[in-house]
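If you want the building blocks of each chain, they are given just below.
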Amino acid sequence: MQLDSEFETLHLVRIRSLGPVETFGDVTALVESGLITVTPRGCMLTPAGFERHEELLVQWRETIDGAVLATTYERFLVVNQPVKDLCSRWQVEGQDDEALFMTVEDLSEILDRAGSGLRRAAEVVPRFGTYPRRLNGALEAAREGDGRFITDPRVDSIHSVWFECHEDYLLSLGRDREAEGSF
Amino acid sequence: MAATSGMTVAARESATRFVFAFADGGAGDTAILGGKGAGLAHMTSLGLPVPPGFVVSCRAGRDYLLAGQLAPATTYEIEAHLGQLETAIGRRLGDPASPLLVSVRSGAPISMPGMMDTILNVGLNAETVNALARETENDDFAWACYERFAETYARVVRGVSPGEIEDCMMDLGDGAARSEIVAALLALIYERGGGPVPEEPRDQILEAVAAVFRSWESPRANAYRRFRGIPDELCTAATVQTMVFGNRGETSASGVAFTRDPSSGSREPFGDVLFNAQGEDVVAGEHDAEPLSVLAERLPLADEQLREALRSIEADSRDLCEVEFTIEDGVLWVLQTRVGLRSGRAAVRVAVALVDEGQITVEQAIDRITPAQLEAAAAPAFATEARPDEVIARGLAASPGAAVGRAAFDPGRATELAAEGTDVILVRSTTSPSDVAGFIAAKGIVTGRGGRTSHAAVVARGMNRPAVCGIGEVLISDDRRSADVAGVRVREGDLLAVDGDRGLLLRGTHELDQPANDPAVRRFVAWCAERAQVTAGDRRSLEELRVIGTLADFQTSETSVTLELSDPEGIPPAELAKALSGHAGPAPGLRISRNWLRAADVRLRGRVRAVDVPEGAPSGLLLRATLEQA
Numbered sequence: 001m002q003l004d005s006e007f008e009t010l011h012l013v014r015i016r017s018l019g020p021v022e023t024f025g026d027v028t029a030l031v032e033s034g035l036i037t038v039t040p041r042g043c044m045l046t047p048a049g050f051e052r053h054e055e056l057l058v059q060w061r062e063t064i065d066g067a068v069l070a071t072t073y074e075r076f077l078v079v080n081q082p083v084k085d086l087c088s089r090w091q092v093e094g095q096d097d098e099a100l101f102m103t104v105e106d107l108s109e110i111l112d113r114a115g116s117g118l119r120r121a122a123e124v125v126p127r128f129g130t131y132p133r134r135l136n137g138a139l140e141a142a143r144e145g146d147g148r149f150i151t152d153p154r155v156d157s158i159h160s161v162w163f164e165c166h167e168d169y170l171l172s173l174g175r176d177r178e179a180e181g182s183f
Numbered sequence: 001m002a003a004t005s006g007m008t009v010a011a012r013e014s015a016t017r018f019v020f021a022f023a024d025g026g027a028g029d030t031a032i033l034g035g036k037g038a039g040l041a042h043m044t045s046l047g048l049p050v051p052p053g054f055v056v057s058c059r060a061g062r063d064y065l066l067a068g069q070l071a072p073a074t075t076y077e078i079e080a081h082l083g084q085l086e087t088a089i090g091r092r093l094g095d096p097a098s099p100l101l102v103s104v105r106s107g108a109p110i111s112m113p114g115m116m117d118t119i120l121n122v123g124l125n126a127e128t129v130n131a132l133a134r135e136t137e138n139d140d141f142a143w144a145c146y147e148r149f150a151e152t153y154a155r156v157v158r159g160v161s162p163g164e165i166e167d168c169m170m171d172l173g174d175g176a177a178r179s180e181i182v183a184a185l186l187a188l189i190y191e192r193g194g195g196p197v198p199e200e201p202r203d204q205i206l207e208a209v210a211a212v213f214r215s216w217e218s219p220r221a222n223a224y225r226r227f228r229g230i231p232d233e234l235c236t237a238a239t240v241q242t243m244v245f246g247n248r249g250e251t252s253a254s255g256v257a258f259t260r261d262p263s264s265g266s267r268e269p270f271g272d273v274l275f276n277a278q279g280e281d282v283v284a285g286e287h288d289a290e291p292l293s294v295l296a297e298r299l300p301l302a303d304e305q306l307r308e309a310l311r312s313i314e315a316d317s318r319d320l321c322e323v324e325f326t327i328e329d330g331v332l333w334v335l336q337t338r339v340g341l342r343s344g345r346a347a348v349r350v351a352v353a354l355v356d357e358g359q360i361t362v363e364q365a366i367d368r369i370t371p372a373q374l375e376a377a378a379a380p381a382f383a384t385e386a387r388p389d390e391v392i393a394r395g396l397a398a399s400p401g402a403a404v405g406r407a408a409f410d411p412g413r414a415t416e417l418a419a420e421g422t423d424v425i426l427v428r429s430t431t432s433p434s435d436v437a438g439f440i441a442a443k444g445i446v447t448g449r450g451g452r453t454s455h456a457a458v459v460a461r462g463m464n465r466p467a468v469c470g471i472g473e474v475l476i477s478d479d480r481r482s483a484d485v486a487g488v489r490v491r492e493g494d495l496l497a498v499d500g501d502r503g504l505l506l507r508g509t510h511e512l513d514q515p516a517n518d519p520a521v522r523r524f525v526a527w528c529a530e531r532a533q534v535t536a537g538d539r540r541s542l543e544e545l546r547v548i549g550t551l552a553d554f555q556t557s558e559t560s561v562t563l564e565l566s567d568p569e570g571i572p573p574a575e576l577a578k579a580l581s582g583h584a585g586p587a588p589g590l591r592i593s594r595n596w597l598r599a600a601d602v603r604l605r606g607r608v609r610a611v612d613v614p615e616g617a618p619s620g621l622l623l624r625a626t627l628e629q630a
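These protein sequences, in sequence, are chains A and B.
Going letter by letter, the first sequence gives residues 1 to 183 in our numbering.
Going letter by letter, the second sequence gives residues 1 to 630 in our numbering.
Hints may contain errors.
[What the hints assert, rightly or not] Label-pair ranges, simulated between beta-carbon atoms: (1) GLN336(B) x ARG154(A): 19 to 25 Å; (2) ASP146(A) x ARG228(B): 44 to 50 Å; (3) ASP329(B) x ARG175(A): 33 to 39 Å; (4) GLU416(B) x ALA179(A): 17 to 23 Å; (5) ASP146(A) x GLY159(B): 30 to 36 Å; (6) GLN95(A) x ARG134(B): 41 to 47 Å.
The set of hints was computed from the structure by calculation and includes no laboratory data.
These numbers come from a predicted model, not from an experiment.
Even glycine gets a Cβ: it sits at the ideal position worked out from N, Cα and C.
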């Protein structure tokens with residue numbers, strides 16, 4: 001297996017863990033070598049898989065322009081709290097059609113701001129390009145009336161994707177969530 | 001001339017006056033002041049310490065949109081009100097020693113999307129930013145305020161696209177100083193936003209007010225009006241209000257207070273306060289806020305003012321309210337009040353208590369409780385506050401409900417244990433997306449760090465799992481079979497309880513209580529049953545029927561609810577049997593009388609959740625629910 005694709009697969013499983021097994025790409029070899037286990041709801045890294053991922057992650061970091069990624073992450077953090085506030089408002093204060101309309105409008109404005117940074121991040125690390133696409137997909141689904149696409153953890157909701165994107169930044173930049181204080 | 005002389009005084013006044021101080025009254029006049037402005041005027045009229053300010057009316061906005069510029073009379077009145085504001089607050093706009101800063105926000109007669117459109121810290125410039133830094137003894141904060149001002153000014157006032165703003169800030173690279181960011185934003189506004197930002201605060205305010213009016217015609221506002229069917233001829237008002245700061249030192253603070261405890265309903269003010277901090281820090285709950293009770297010790301005068309304010313607010317609304325406040329140099333300011341969110345159980349208890357206190361009638365109490373709240377009240381909860389020796393740690397009530405289960409510290413182990421049929425409480429220090437599988441497997445969730453809006457809280461609420469966040473340090477052992485949880489040793493498999501209403505992690509011996517044992521809930525259910533004699537086809541009765549449906553959730557051995565539908569025209573029993581076949585049966589203990597309606601009229605889903613009575617049903621149709629002792 002190519003080193004790059006091994007890393008990308010392990011990385012995706014590390015970040016996501018939920019979803020149909022196909023969404024993680026071809027995991028057969030990695031399951032056979034004991035790095036990934038398939039669960040009823042998706043995939044998980046085994047302890048050996050975690051170790052292997054860490055090892056590859058450190059090597060991978062050497063290959064990217066971390067400063068550019070860090071700059072875009074600063075902009076991500078500026079909108080992180082408003083995104084979580086809107087997600088919380090939606091959950092706590094009622095989920096009728098009007099609340100959905102308001103939430104989608106407010107989120108779409110914030111995600112519009114976040115899009116510039118994510119696109120710039122994708123120039124350095126191509127997988128960051130998947131986040132704006134998935135966020136827009138979730139926004140469209142919510143706009144069409146499916147409220148699950150705001151925060152439901154079991155679908156590719158705005159919060160699910162945002163949470164993954166945040167985790168990807170932390171792992172990619174080698175930051176510690178606790179030390180940084182962004183929860 | 002005849003028309004003018006025929007006008008009432010109030011009408012003549014509104015024809016010539018465009019600006020109203022909060023203290024001018026006019027509370028409730030949302031058509032003139034907009035929702036936000038009318039609310040602030042109302043709070044001021046209650047004698048609450050609202051940061052002073054004024055409203056530039058919807059009419060002024062309408063005139064602006066027609067003429068393309070602020071009318072001279074509007075500008076003149078704004079100037080006059082700014083002068084009064086300076087006198088009232090004892091600070092002057094642009095004063096290099098102690099500047100007055102204001103916020104400018106929109107407030108339409110109906111609520112609109114747009115939480116991002118408020119322009120804060122108006123009045124900052126190259127000089128006053130230094131004054132703010134000196135006054136707060138916090139350089140970074142002052143420049144962060146200036147950055148926020150410049151960013152919103154670019155976007156909201158000058159219409160610079162978010163993409164251009166983001167590019168401008170990212171071009172500065174990682175770790176640029178705040179002052180560099182501000183300089184870059186001001187340069188961007190100069191180049192791409194039609195000229196420099198005025199240094200003169202009065203000009204900033206006039207531009208901001210005009211921008212708020214223009215926001216009425218933004219694509220988002222237009223889309224919203226189409227969605228709601230709101231006429232385009234209305235306009236928003238603009239509210240200009242003094243900024244207050246909760247981070248001017250140790251006699252300053254920000255907080256959120258409830259007039260009663262929103263989880264238990266008990267009649268004692270409840271809330272969080274954070275010293276030397278701004279309001280958004282409290283709302284996010286990411287910092288270590290302290291319970292409201294510490295105010296009495298640390299700032300007794302402000303504590304007294306707050307208690308007085310909470311009393312006035314509740315007496316006015318006759319309901320549990322939530323209040324955002326700031327204490328600036330020991331002086332209390334009330335920023336916002338609204339009817340407070342509460343747990344289902346607390347909703348019922350508060351409604352019953354307000355009836356006992358003579359504040360509301362039984363009818364009003366019943367009307368206030370939504371079917372969703374009644375359903376939530378039916379969920380088991382920890383009825384009593386835990387004994388101190390049961391409490392392992394206190395945190396934030398991040399997701400409501402109660403759960404008991406065995407401790408696990410790893411999402412994989414949580415999944416395995418759950419697959420074996422064990423109820424699991426998942427304990428983590430922080431969360432990442434890879435924990436979500438463990439969240440799904442767990443009955444309750446605990447995190448060491450993070451607040452009410454943390455990813456963990458959002459995910460827990462998204463799956464209706466009770467959760468307590470921010471309980472303190474959680475150190476998980478290398479083998480992930482034990483942990484030090486806020487100083488207490490916990491092993492995998494230990495029995496834990498999560499009280500997501502009170503924000504407690506407990507030893508799992510604490511017992512769950514059935515809602516029907518709660519005297520307040522019992523009384524409320526009895527009231528509903530008494531009142532439920534209604535005629536079909538009436539909208540109100542449909543709501544009531546839904547409430548009755550959820551009464552089935554309160555079944556215990558001693559109580560049963562009988563729902564009886566009687567149709568004076570009668571339906572042959574054979575037809576009834578046919579109609580009801582194919583539907584799931586009612587809840588155990590729920591007896592339904594034999595005179596049922598047609599199939600299409602009755603929906604039974606496991607438990608009776610909703611009984612839809614059709615429009616045009618026989619007018620003599622009655623639904624009666626009675627609560628009986630078995």
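Hint check results:
1. GLN336(B) x ARG154(A): 19 to 25 Å: Between GLN336(B) and ARG154(A), where Cβ atoms are some 34 Å apart, the hint is violated.
2. ASP146(A) x ARG228(B): 44 to 50 Å: violated, 20 Å
3. ASP329(B) x ARG175(A): 33 to 39 Å: holds, 37 Å
4. GLU416(B) x ALA179(A): 17 to 23 Å: violated, 30 Å
5. ASP146(A) x GLY159(B): 30 to 36 Å: holds, 32 Å
6. GLN95(A) x ARG134(B): 41 to 47 Å: holds, 46 Å
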